Structure formats: structure tokens, C-alpha cells
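J.: One line per chain: the protein sequences are A and B, in this order. Convert by adding 49 to the 1-based position in the first sequence; the result is the number in our numbering. Convert by adding 305 to the 1-based position in the second sequence; the result is the number in our numbering.
Don't read these hints as lab results, they were simulated from the structure. Remember, predicted model here, so these are calculated numbers, not experimental data. Ideal Cβ positions, reconstructed from N, Cα and C, are used throughout, including at glycine. Each hint should be verified, as a subset may be incorrect.
Label pairs and their computed distance ranges (CB to CB) [stated by the list, open to error]:
| id | chain 1 | residue 1 | chain 2 | residue 2 | range |
| --- | --- | --- | --- | --- | --- |
| 1 | A | LYS132 | B | SER335 | 31 to 37 Å |
| 2 | A | PRO57 | B | VAL389 | 22 to 28 Å |
| 3 | A | PHE61 | B | ILE312 | 31 to 37 Å |
| 4 | A | ASN102 | B | GLU372 | 22 to 28 Å |
Keeping only pairs whose Cα atoms sit at most 25 Å apart, straight-line, the calculated SDA-like set for lysine to any residue is [unchecked claim]:
| id | chain 1 | residue 1 | chain 2 | residue 2 |
| --- | --- | --- | --- | --- |
| 5 | B | LYS341 | A | SER56 |
| 6 | B | LYS402 | A | GLY112 |
| 7 | A | LYS106 | B | GLN308 |
| 8 | B | LYS361 | B | GLY306 |
| 9 | A | LYS132 | A | ASP87 |
| 10 | B | LYS375 | A | ARG93 |
| 11 | B | LYS361 | A | LEU144 |
| 12 | B | LYS402 | A | GLN99 |
| 13 | A | LYS106 | B | GLY399 |
| 14 | B | LYS341 | B | THR387 |
| 15 | A | LYS120 | A | ASN67 |
| 16 | B | LYS402 | B | SER378 |
| 17 | A | LYS120 | B | VAL349 |
| 18 | A | LYS106 | B | LYS361 |
| 19 | A | LYS58 | B | GLY306 |
| 20 | B | LYS375 | B | PHE350 |
| 21 | B | LYS412 | B | THR386 |
| 22 | A | LYS132 | B | GLN308 |
| 23 | B | LYS364 | B | LEU351 |
| 24 | A | LYS106 | B | LYS364 |
| 25 | B | LYS412 | B | MET310 |
| 26 | B | LYS375 | A | LEU94 |
| 27 | A | LYS106 | B | THR407 |
| 28 | B | LYS402 | A | ARG93 |
Just a few of them, taken from the derived set where beta-carbon distance is under 10 Å, the chain B residues facing chain A [said to hold, decoys possible]:
| id | residue |
| --- | --- |
| 29 | VAL309 |
| 30 | GLN311 |
| 31 | TYR327 |
| 32 | SER331 |
| 33 | TYR340 |
| 34 | HIS347 |
| 35 | PHE350 |
| 36 | LYS375 |
| 37 | THR387 |
| 38 | THR391 |
| 39 | ALA395 |
| 40 | TYR401 |
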Amino acid sequence: DGGITQSPKYLFRKEGQNVTLSCEQNLNHDAMYWYRQDPGQGLRLIYYSQIVNDFQKGDIAEGYSVSREKKESFPLTVTSAQKNPTAFYLCASTLSGGARTDTQYFGPGTRLTVL
Amino acid sequence: GQQVMQIPQYQHVQEGEDFTTYCNSSTTLSNIQWYKQRPGGHPVFLIQLVKSGEVKKQKRLTFQFGEAKKNSSLHITATQTTDVGTYFCAGSSGTYKYIFGTGTRLKVLA
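Work out the full structure, taking the sequences as your base and the hints as a guide.
T.: Right under this line is the structure:
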């Protein structure tokens, strides 16, 4: 089956700890995205990557970091500098990084709770 | 910066009633996409509109893109319990970056 996987589904961390969220896709998509969703709100873009070894900050990148060493993988690290990290994190991908009409395919999400 | 607002934020309807959500952008869009997110799930693509004044239908769902390409709407005829979820619009100003609307949460009462 082709798709996007995110792990873990639920994640708990203590304040002051960094944590890395996994996102893997086997769709052979060039572009990948990380969004954050807070209860009752829309999706806000954290980081995106159009091609391997390249990524750009989105609207709320502070306190987050990413890497794109492989086409199929785009892990997100939530650092201790992120002041309010409890949220639902969604990874998405599109076929191309340059086509504005591409459909975004979303993973199942990771729900992060900071204790 | 660009903003995309949706109204209403919440809508409760009786099964069989119609439902409409509206999406308004602060800037002109090159295209707009609509997604549905079921409770506890992730957004799933519904449709994309590109042309000014475009209207597309999917069974009971009708999507419109405004003439000025700054607003869009989703209308569901005769809602069913399977329509429950949050509907998001996502607009692009010509780049690969989309701005998501705030979403409209639909509840359908049987």
C-alpha cells in the first residue's frame, strides 16, 4: 500500500526534552510538509521541503527543526525552545514541490502531549 | 500576511438539512482546495478549484470559486450522518505553499 506513515500515534514528553516525530512516505513524492493543528483550529505550516537536502521555514518554525536526507523521510524535532508544543502534528506530501495544484496527502498524525 | 477565514466555525444540522461553509481570503488565490477531516482523523482531499467562477459537484457536495478568486463555498445537500467532520479550505497564491482556513465543524443530528 502506498501512503504516509507517522509514528508514534501518541507521544508524551516532559518539559525541557527534545522529541523527534517520524514521517515516511512511499509515494515517491518530491515535496513534504509539517503542519501543526491545535484544538478547534486550522492547520499551520511549520516547515516544508520541495526536494531532498532542502527545506524552508513555514509560518511557525520557531522551536522546531527538520532534516531531509532521504526523499521518503522528513522527521520533525520539537525542541525545548518550543513554548507550547502540545498539539496534533500532521505530515503531508505532494507529488511535486513546484506545482501549485498538487493534492496534499496527509499521514495519520502524531498527538504530542507535554507533561 | 495572507489569511484565510471560514464561517461558520461550528454548524449543527438535523439529518436531511442542507449545510454551507464559506471561505474568504485576504488576497487573490490562484486555486483553492477543500479537505474533510473526520473526528480523530487526518485531512482528506475532496476537490480543487482553479478557474474564476468555477462550480464542481460531487454527488451531494457542490463547490464554488468566486469570480474574484478570493472566496469559495462548499454546499452539502440533504446532510447525512456520514458527513460529520471538519471541512477545511486551503488556498494558494501561486506557490506550493497553502494557507488553510480555520475550518467548519459539522455535526449532523439523526
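J.: For each hint, tell me whether it holds in the structure or not.
T.: Tested hints:
1. As the Cβ distance of LYS132(A) to SER335(B) is approximately 34 Å, the hint placing it in 31 to 37 Å holds.
2. Checked against the hint of 22 to 28 Å, the pair PRO57(A) and VAL389(B) passes, with Cβ atoms roughly 27 Å apart.
3. Checked against the hint of 31 to 37 Å, the pair PHE61(A) and ILE312(B) passes, with Cβ atoms roughly 35 Å apart.
4. For the pair ASN102(A) and GLU372(B), the supplied restraint of 22 to 28 Å is violated, since their beta-carbon distance comes to about 42 Å.
5. At most 25 Å may separate the alpha-carbon atoms for a hinted pair to count; LYS341(B) and SER56(A) meet this at roughly 22 Å.
6. At roughly 20 Å between alpha-carbon atoms, LYS402(B) and GLY112(A) fall within 25 Å of each other, so this suggested pair holds.
7. For the suggested pair LYS106(A) and GLN308(B), the alpha carbons sit about 17 Å apart, so the restraint of at most 25 Å is met.
8. About 29 Å separates the Cα atoms of LYS361(B) and GLY306(B), which puts this hinted pair outside 25 Å; it is violated.
9. With a C-alpha separation of about 14 Å, the suggested pair LYS132(A) and ASP87(A) falls inside the 25 Å cut-off, and the hint holds.
10. In summary, the hint linking LYS375(B) to ARG93(A) is supported, as the alpha carbons are separated by about 20 Å, within the 25 Å threshold.
11. Straight-line distance between C-alpha atoms of LYS361(B) and LEU144(A) comes to about 23 Å, which keeps the hinted pair within the 25 Å bound.
12. Under the criterion of a C-alpha separation no larger than 25 Å, the hint pairing LYS402(B) with GLN99(A) is consistent with the structure, at around 10 Å.
13. Proposed proximity of LYS106(A) and GLY399(B) is supported: the alpha carbons are some 18 Å apart, at most 25 Å.
14. For the hint linking LYS341(B) to THR387(B), the alpha-carbon distance of about 11 Å falls within 25 Å, and the restraint holds.
15. For the hint pairing LYS120(A) with ASN67(A), the CA-to-CA distance comes to about 24 Å; that is within 25 Å, so the pair holds.
16. Of the supplied pair hints, the one linking LYS402(B) and SER378(B) holds, its CA atoms being roughly 21 Å apart against a limit of 25 Å.
17. The suggested pairing of LYS120(A) with VAL349(B) holds, with an alpha-carbon distance near 22 Å, which does not exceed 25 Å.
18. Proposed proximity of LYS106(A) and LYS361(B) is contradicted: the alpha carbons are some 34 Å apart, above 25 Å.
19. Between LYS58(A) and GLY306(B), the direct Cα distance comes to roughly 32 Å. Violation of the 25 Å bound is thereby established for this hinted pair.
20. For the hint pairing LYS375(B) with PHE350(B), the CA-to-CA distance comes to about 20 Å; that is within 25 Å, so the pair holds.
21. The straight-line distance between the Cα atoms of LYS412(B) and THR386(B) is roughly 8 Å, inside the 25 Å bound, and the hint therefore holds.
22. Distance restraint check for LYS132(A) and GLN308(B): the Cα-Cα separation of roughly 23 Å lies within the 25 Å cut-off, and the hinted pair is therefore satisfied.
23. As the CA atoms of LYS364(B) and LEU351(B) are separated by approximately 12 Å, the hinted pair is consistent with the 25 Å bound.
24. Between the alpha carbons of LYS106(A) and LYS364(B) the distance comes to roughly 38 Å, so the proposed pair goes past 25 Å and is violated.
25. For the suggested pair LYS412(B) and MET310(B), the alpha carbons sit about 20 Å apart, so the restraint of at most 25 Å is met.
26. Simply put, LYS375(B) and LEU94(A) have alpha-carbon atoms about 21 Å apart, close enough for the 25 Å limit, and the pair holds.
27. Between the alpha carbons of LYS106(A) and THR407(B) the distance comes to roughly 21 Å, so the proposed pair stays at or under 25 Å and holds.
28. Restraint check: the Cα-Cα separation between LYS402(B) and ARG93(A) comes to about 11 Å, which is no more than 25 Å; the hinted pair holds.
29. At about 8 Å, the closest approach between the beta carbon of VAL309(B) and any beta carbon in chain A falls short of 10 Å, and the interface hint on this residue holds.
30. Proximity of GLN311(B) to chain A holds as hinted, the smallest CB-CB distance being about 8 Å (cut-off 10 Å).
31. The beta carbon of TYR327(B) is not positioned within 10 Å of any beta carbon in chain A (closest approach about 14 Å), and the interface hint is therefore violated.
32. Taking 10 Å as the C-beta contact cut-off toward chain A, the hint placing SER331(B) at the interface is violated, the least distance being around 14 Å.
33. A hinted interface residue such as TYR340(B) counts as satisfied when its beta carbon comes closer than 10 Å to some beta carbon of chain A; here the least separation is about 8 Å, so the hint holds.
34. The interface hint given for HIS347(B) holds, since its Cβ lies 4 Å from the closest Cβ of chain A, which is under the 10 Å cut-off.
35. Because the closest C-beta pair between PHE350(B) and chain A is about 5 Å apart, less than 10 Å, the hint holds.
36. Annotation: interface hint on LYS375(B) violated; nearest CB of chain A at approximately 16 Å, more than 10 Å.
37. The interface hint given for THR387(B) is broken, as the beta carbon of that residue sits about 19 Å from the closest beta carbon of chain A, more than 10 Å.
38. With its C-beta approaching chain A no nearer than about 9 Å, THR391(B) sits inside the 10 Å limit, and its interface hint holds.
39. The closest approach between the C-beta of ALA395(B) and any C-beta of chain A is roughly 7 Å, which is under the 10 Å cut-off, so the hint is satisfied.
40. For the restraint placing TYR401(B) at the interface with chain A, the shortest Cβ-Cβ distance is roughly 6 Å, inside the 10 Å limit, so the hint holds.
The structure fails hints 4, 8, 18, 19, 24, 31, 32, 36, 37 (numbered hints given earlier, in ascending order).
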